Amino acid sequence: MYLTTDPVELGPLLQTVQSPGHGGIACFIGAVRDHHGGRSVIRLEYSAYGPMAESECARIVGEAESQWTCRVALKHRIGRLAIGDAAVAVVAASSHRESAFDACRYVIEEVKRRVPIWKQEYFADGTVEWVGAGEAGRFAGGEPGSELVTNQGISEQ
Amino acid sequence: MPTTATATITVRVLLFAGYAELLELDDTELVLQSPATIADALDRLRSLPGGQRLPPKPLCALNLSQAPVNTPLKAGDELAVLPPLAGG
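Chains as they are written, first to last, in my numbering: chain S, 5 to 161; chain U, 184 to 271.
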């Protein structure tokens with residue numbers, strides 16, 4: 005399972021990818037930031053389309069592992085998170101550092117582009133907004149998320 | 184004379200995040216005249232309260248895979264209407 009409501013920790017992820025042949029291990033953690041657009045954020049709440057998020061994460065990990073001959077571990081937390089909490093973690097292990105860094109970068113970028121996860125920001129001024137929804141939480145056509153995204157890149161619908 | 188019954192299909196529609204808030208709905212079934220596409224389902228959603236605020240071409244997934252709005256629907260399909268993604 006790639007989604008979890010539990011705290012995300014690197015240790016267990018490292019254990020799943022470490023092996024004697026892996027000389028380079030790259031880790032990325034995406035943590036909850038206390039500001040956005042110059043405003044103070046007090047917490048985030050993540051939600052997901054669970055079955056599709058799981059299948060898309062598996063696809064992304066598979067792509068990275070076949071492209072760079074590496075092992076990848078990935079966890080994304082769902083639910084209410086506090087400032088500083090790890091929201092997502094990627095660990096990529098390979099023979100050498102170049103492929104580990106490349107695979108790690110690929111996975112986090114593709115997660116952000118393709119996995120159906122949403123976050124709601126709770127601001128210190130009491131307002132609550134969906135990230136990516138535009139001003140005042142309004143949705144408009146033509147935003148990044150309204151593009152059709154595939155592993156070959158982005159194509160307009 | 185025999186009458187020709189209009190064929191219909193029933194699809195499940197899931198809405199998430201801000202879109203679920205717009206329509207105050209996160210899981211529903213739509214009965215559509217066949218043949219129908221994702222665009223037809225979106226038109227039906229726009230006729231519901233709050234639905235007119237959906238964007239012209241929202242990101243959609245059909246049976247867990249992203250799909251363009253001209254994709255044909257069949258009975259039993261699961262259509263998800265996805266707001267701009269914001270994981271990570």
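The set of hints was computed from the structure by calculation and includes no laboratory data.
Treat the numbers as computed from the prediction; the structure is a model and nothing was measured.
Cβ coordinates follow ideal geometry from the N, Cα and C atoms, glycine included.
Wrong hints could be hidden among the right ones.
As the list claims (entries may be wrong) - Which bits of chain S does chain U cover? Going by a derived footprint, with three or more residues having C-beta under 8 Å, they are: (1) 65–73; (2) 77–89.
Claimed, not checked - Capping the alpha-carbon separation at 35 Å, the derived lysine-lysine pairs in DSBU-like fashion look like this: (3) K240(U) with K116(S); (4) K257(U) with K116(S); (5) K257(U) with K240(U).
Stated coverage of the region 77–89 of chain S by chain U [criterion: 3+ residues, CB within 8 Å]: It is violated: at least three residues are needed, and the region 77–89 of chain S offers just 1 whose Cβ sits closer than 8 Å to chain U.
Regarding the pair K257(U) and K240(U), is the alpha-carbon distance no greater than 35 Å? Within the cut-off at roughly 20 Å; holds.
Taking a Cβ-to-Cβ distance below 8 Å as contact, does the region 65–73 of chain S have at least three residues touching chain U? n = 0 at 8 Å, threshold three: violated.
Run the distance test for K257(U) versus K116(S): straight-line Cα separation, threshold 35 Å. holds (30 Å)
For the pair supplied as a hint, K240(U) and K116(S), is the alpha-carbon distance within the 35 Å limit? Cα-Cα ~20 Å, so holds.
Going down the numbered hints, you'll see the structure goes against 1, 2, while the others check out.
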